[in-house]
Amino acid sequence: ALTQPASVSGSPGQSITISCSGSTNDVGGYNYVSWYQQNPGKAPKLLIHDVTKRPAGVSDRFSGARSGNTASLTISGLQAEDEADYYCSSYTNNDTHVVFGKGTRLTVL
Amino acid sequence: QVQLVQSGAEVKKPGASVKVSCKASGYTFSDYFMHWVRQAPGQGLEWMGRINPKTGGTYTAQKFQDRVTMTRDTSITTVYMELSSLASDDTAVYYCAKDRAGNYYYYYGMDVWGQGTTVTVSS
Numbered sequence: 001a002l003t004q005p006a007s008v009s010g011s012p013g014q015s016i017t018i019s020c021s022g023s024t025n026d027v028g029g030y031n032y033v034s035w036y037q038q039n040p041g042k043a044p045k046l047l048i049h050d051v052t053k054r055p056a057g058v059s060d061r062f063s064g065a066r067s068g069n070t071a072s073l074t075i076s077g078l079q080a081e082d083e084a085d086y087y088c089s090s091y092t093n094n095d096t097h098v099v100f101g102k103g104t105r106l107t108v109l
Numbered sequence: 110q111v112q113l114v115q116s117g118a119e120v121k122k123p124g125a126s127v128k129v130s131c132k133a134s135g136y137t138f139s140d141y142f143m144h145w146v147r148q149a150p151g152q153g154l155e156w157m158g159r160i161n162p163k164t165g166g167t168y169t170a171q172k173f174q175d176r177v178t179m180t181r182d183t184s185i186t187t188v189y190m191e192l193s194s195l196a197s198d199d200t201a202v203y204y205c206a207k208d209r210a211g212n213y214y215y216y217y218g219m220d221v222w223g224q225g226t227t228v229t230v231s232s
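Protein chains in written order, with the working numbering: chain A, 1 to 109; chain B, 110 to 232.
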């Protein structure tokens with residue numbers, strides 16, 4: 001699995017970044033990283049695909065980046081509604097094909 | 110609108126099988142892979158595999174290769190995921206999710222998700 005922090009927190013209006021560490025077999029080797037937001041009891045929602053791209057309808061407060069084998073999701077102008085679980089995922093060249101991080105719980109203080 | 114509607118909750122005994130359905134609407138069914146992802150209670154997401162609705166070809170994560178069967182019925186735009194030899198740690202919510210890009214080898218993200226099907230394995 002990809003490595004994410006278990007939790008992050010921030011105050012309204014601030015920016016936070018969630019990291020997602022992998023290897024050259026996944027995050028660092030391919031431009032196929034996606035990020036999802038999941039609210040309790042709901043299905044995940046796609047926020048970012050192909051490392052940096054936002055689907056139509058996703059707020060531009062969400063942005064993706066990568067440096068080496070670590071991808072990151074930044075949420076700017078934090079809002080109470082951003083409180084949720086966030087998952088990174090990536091193509092991987094092993095038999096799993098798609099791998100997820102264990103998720104990061106974002107708390108808006 | 111693009112929509113995926115899954116079958117209802119299931120309760121199964123250990124050793125049994127379960128078959129979950131996922132009906133797609135609002136887009137060209139054959140043009141996009143359908144993925145299956147599960148989430149155990151309080152845990153993260155786990156990718157199980159995908160099916161090409163056009164050809165019926167599948168790619169299953171190695172962990173599930175001997176227990177998961179994915180099929181489709183193009184006449185009713187529905188895909189199915191059957192999991193056999195159930196154990197208590199298969200208790201989870203199972204999601205189908207449409208591939209964002211189409212029927213391509215790599216992974217381009219999943220842009221539409223079903224509502225989830227809860228499968229409980231208990232004796």
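Calculated directly from the structure, the hints in this document are not laboratory data. Beta carbons: idealized from backbone N, C-alpha and C, even for Gly. Treat the hints with care, as some may be off.
[What the hints assert, rightly or not] Calculated cross-link-like contacts (lysine-lysine; reagent style DSS-like; alpha-carbon spacing at most 27 Å):
(1) LYS45(A) with LYS128(B)
(2) LYS172(B) with LYS102(A)
(3) LYS128(B) with LYS53(A)
[Claimed, not checked] Here chain A is said to cover these stretches of chain B; the calculated rule only asks that three of the stretch's residues, wherever they fall, bring their Cβ under 8 Å from a Cβ of chain A:
(4) 131-137
(5) 169-177
(6) 188-199
[To be verified] Sample of chain A residues with no beta-carbon within 10 Å of chain B, all distances over it, derived:
(7) GLN14
(8) SER23
(9) SER34
(10) HIS49
(11) ASP50
(12) PRO55
(13) GLU83
(14) SER90
(15) ASP95
(16) THR96
(17) HIS97
(18) LEU106
Quick rundown of the hints versus the structure:
With a C-alpha separation of about 24 Å, the suggested pairing of LYS45(A) with LYS128(B) holds against the 27 Å cut-off. Note on LYS172(B) and LYS102(A): the hinted pairing holds, with a Cα-Cα distance of about 17 Å set against a maximum of 27 Å. For the proposed pair LYS128(B) and LYS53(A), the alpha carbon gap of about 35 Å is over 27 Å, so the pair is violated. For the segment 131-137 of chain B, the stated coverage by chain A is not satisfied: 0 residues place a CB nearer than 8 Å to a CB of that chain, which falls below the threshold of 3.
Only residues whose C-beta sits within less than 8 Å of a C-beta in chain A count toward coverage, and the segment 169-177 of chain B has 3 of them, enough to reach three; the restraint holds. Only residues whose C-beta sits within less than 8 Å of a C-beta in chain A count toward coverage, and the segment 188-199 of chain B has 0 of them, not enough to reach three; the restraint is violated. The Cβ of GLN14(A) lies farther than 10 Å from every Cβ of chain B, with a closest approach of about 25 Å, so its non-interface assignment holds. Consistency note on SER23(A): stated as away from chain B, and its beta-carbon is indeed over 10 Å from all of that chain's, at 16 Å minimum.
In this structure SER34(A) is not separated from chain B by more than 10 Å, as the shortest Cβ-Cβ distance comes to only about 4 Å. Not every Cβ of chain B is farther than 10 Å from the Cβ of HIS49(A); the closest lies at roughly 4 Å, contradicting the non-interface assignment. Distance check on ASP50(A): its Cβ comes as close as 7 Å (rounded) to a Cβ of chain B, failing to clear the 10 Å threshold; non-interface status is violated. In this structure PRO55(A) is not separated from chain B by more than 10 Å, as the shortest Cβ-Cβ distance comes to only about 6 Å.
No Cβ of chain B comes within 10 Å of the Cβ of GLU83(A); the nearest lies about 17 Å off, and the non-interface call holds. The claim that SER90(A) lies off the interface is violated: its Cβ sits roughly 7 Å from the closest Cβ of chain B, which falls inside the 10 Å cut-off. At roughly 4 Å, the least C-beta separation between ASP95(A) and chain B is not larger than 10 Å, which violates its mark as non-interface. At roughly 5 Å, the least C-beta separation between THR96(A) and chain B is not larger than 10 Å, which violates its mark as non-interface.
Here HIS97(A) does not stay apart from chain B, with its beta-carbon only about 6 Å from theirs, under the 10 Å limit. Listed as a non-interface residue, LEU106(A) keeps its Cβ farther than 10 Å from every Cβ of chain B; the least gap is roughly 14 Å.
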